[in-house]
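K.L.:
Guided by the hints, dock chain B onto chain A, whose structure is given.
These protein sequence lines are chains A and B, in that order. Mapping of the first sequence onto this note's numbering: residues 360 to 707, in sequence order. Mapping of the second sequence onto this note's numbering: residues -17 to 327, in sequence order.
All the given hints hold, so there is nothing to weed out.
Footprint (simulated), chain B over chain A, 3 or more residues, beta carbon under 8 angstroms: (1) 561 to 575; (2) 587 to 597; (3) 617 to 629; (4) 642 to 654.
Computed from the model, here is a short list of chain A residues facing chain B with C-beta under 7 angstroms: (5) Glu420; (6) Ser421; (7) Ser528; (8) Asp558; (9) Val632; (10) Pro633; (11) Asp634; (12) Pro635.
None of these hints come from the bench; they were simulated from the model. Virtual Cβ for every residue (Gly too), placed ideally from N, Cα, C.
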Amino acid sequence: MTATADPAKVRGETILTVDDLVKHFPITRGVLFRRQVGAVRAVDGVSFTLRRGETLGIVGESGCGKSTLARVLMRLETPTSGRATLQGRDLLTAGGGELRRLRRNMQMVMQDPYTSLNPRMTVGDIIGEPFDIHPDAAPKGSKRGRVQELLDVVGLNPEHVNRYPHQFSGGQRQRIGIARALALRPEVIVCDEPVSALDVSIQAQVINLLEQLQDEFGLSYVFIAHDLSVVRHICDRVAVMYLGRIVEIGTEEEIYERATHPYTQALLSAVPVPDPEARGTAGIIRLTGDVPSPADPPSGCHFRTRCWKAEDICAREDPPTVPRPADPHPSACHFAALRARSDPTGRG
Amino acid sequence: MTESAPRPTPASPTPPGGHLLDVRDLHVEFRTGEGVAKVINGVSYHLDPGETLAVLGESGSGKSVTAQAVMGILDSPPAVIRSGQIRYRGRDLLTLPEEQRRQVRGKEIAMIFQDALSALNPVFPVGWQISETLRHRDGMSRADARRRTVELMDLVRIPGAAGRLGDHPHQFSGGMRQRVMIAMALALDPKVLIADEPTTALDVTVQAQIMDLLADLRRDLDMAMILITHDLGVVAGVADRIAVMYAGRIVEHADVRPLYRAPAHPYTKGLLASIPRLDVRGRELSTIRGLPPNLMRIPGGCPFHPRCPYAQQVCVDVVPDDLVLADGRTSACHFAQEVHDDRDR
Chain A
360 MTATADPAKV RGETILTVDD LVKHFPITRG VLFRRQVGAV RAVDGVSFTL RRGETLGIVG
420 ESGCGKSTLA RVLMRLETPT SGRATLQGRD LLTAGGGELR RLRRNMQMVM QDPYTSLNPR
480 MTVGDIIGEP FDIHPDAAPK GSKRGRVQEL LDVVGLNPEH VNRYPHQFSG GQRQRIGIAR
540 ALALRPEVIV CDEPVSALDV SIQAQVINLL EQLQDEFGLS YVFIAHDLSV VRHICDRVAV
600 MYLGRIVEIG TEEEIYERAT HPYTQALLSA VPVPDPEARG TAGIIRLTGD VPSPADPPSG
660 CHFRTRCWKA EDICAREDPP TVPRPADPHP SACHFAALRA RSDPTGRG
Chain B
-17 MTESAPRPTP ASPTPPGGHL LDVRDLHVEF RTGEGVAKVI NGVSYHLDPG ETLAVLGESG
43 SGKSVTAQAV MGILDSPPAV IRSGQIRYRG RDLLTLPEEQ RRQVRGKEIA MIFQDALSAL
103 NPVFPVGWQI SETLRHRDGM SRADARRRTV ELMDLVRIPG AAGRLGDHPH QFSGGMRQRV
163 MIAMALALDP KVLIADEPTT ALDVTVQAQI MDLLADLRRD LDMAMILITH DLGVVAGVAD
223 RIAVMYAGRI VEHADVRPLY RAPAHPYTKG LLASIPRLDV RGRELSTIRG LPPNLMRIPG
283 GCPFHPRCPY AQQVCVDVVP DDLVLADGRT SACHFAQEVH DDRDR
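If we strip away everything but chain A, and leave its shape as in the complex, we get:
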């Protein structure tokens, strides 16, 4: 596979736009007369843009809606409302052949390399399946060659094309998942926790592979993860999600060095640093309680029930994710402010 150097594809132009995306899962009662009694607001009004060649990290704790967001973007779930465009074409209303063409440009790498590969298919069949669905993507008879090229690109032995997934380790399986995502030469890849199931020494190999493929093919990544250290390493921009909403979004530096939202600050301060010397527990912001249920989120600011800055206004008014005086990147907090300068990420 050779790099597709198309001069028309300018690095930095907006490739994916998501606007006020909502996904509510209905909660129903009754068997015969099913009626909706509520909704789990998994994704509750999310907007962002992704530029060509860029990696946008989406971080948040479990239940914040980051994986549902990925599934809606891939059209594995039907959104409740909102708009999303991929290169100007509507992603959410497309159907049939149009949707199939759009999906060619946007592929996904799943979290669990053990369940996302069919154990009864050979690696060649798994990576070659996209070519069966899109016959025009590989000229007749060239499929096997393309599959072997893909194996080579992701650092696997091309001769292993007839092996089955169980013959590979976790890290190798994740490479197979990446090769499958690359098969149709997409421009956007949605990575849903691609390294969180892997051991530390293997995780670094896969992160380096993703970065190298991005440079080689000019890919744009939506990189969903809960590990803030991994996200800082790989992402250009970062969005922090809490209970279905983006509470803060900015460049990697804005989020990690100049976070203004209390949730982001607490999240960053809680990350354990692998260095006993640099560690001062004094900087850790201890959040109390648990994340509220997305079926019944608090009024106003969703974070107010765990926030030490919360006042009456936080219960009344939902803070929009807009630029704040404390720092020009968007943050959804009425009292957005930087942490003390000497202590940007919560430790001295």
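P.N.:
Frame of chain A, contents of chain B only:
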């Protein structure tokens, strides 16, 4: 892999009365239909009252199996303890009859697990599950057990404990379920708490809460703790000593600070270099090449040699002994001193 002689337990000197817990040259294999997997190949470590030992390793390194052997909860078959001793207060647990072993389990050494949801019984209220231990093992009356259960739930900071006795595990969040399991482990007032990946399934903010809780409990109840984890970040905050495991052996054993400052085994060095860090920017991740070995076919010589940047012919031919470095730490590497002094790689 060739048999190695029992190695001395590294780091601190043996106190007059012996160590609280002393694992000596433990060998465990799994005999399966496909062959024999050598899961533990001569592990020795010890624990003294009040200290926290971290056992660090990746999947398949044998860190959990060692703990299960200490607890006496290995699944046999397939697991077989080939040799070694597990001495608790001077008595070898492996030679005790099951009835006496049972008295140690829970009362002296207790364990908490990674996945609280599957470690708790879904069909019984948590109050019942915690008090069951008290009634069966301590012979407490229903009312006393109930009172003690509420105390335990308060101790692990479950809000409104008395009102939650009747709740089932699914009614608790992940962090709260972990607290329930900790309460169960503390029920019989153990002297040693083994925590097997206690926060791996939890989010970072909850993880911080649980690690704080464990550290406070360890201090307040004067327990010793073995923390089993793969997370170099979690270890840095709470452990006194670290034993790094690879392919069923402890490859490096040291106090926390010296180990992070200058690892003396290439595997430890590779691990530390391969994790992205929140506080260090713009560094390409170095990787450990290759894969961990198949435990049915552990490479001869040093099991790490196929992945090691320092490897030479001697590493292929000779199993390295534990080299004791100047400050009392040990490293199972022929080139331990060179690795320790080499700050560039």
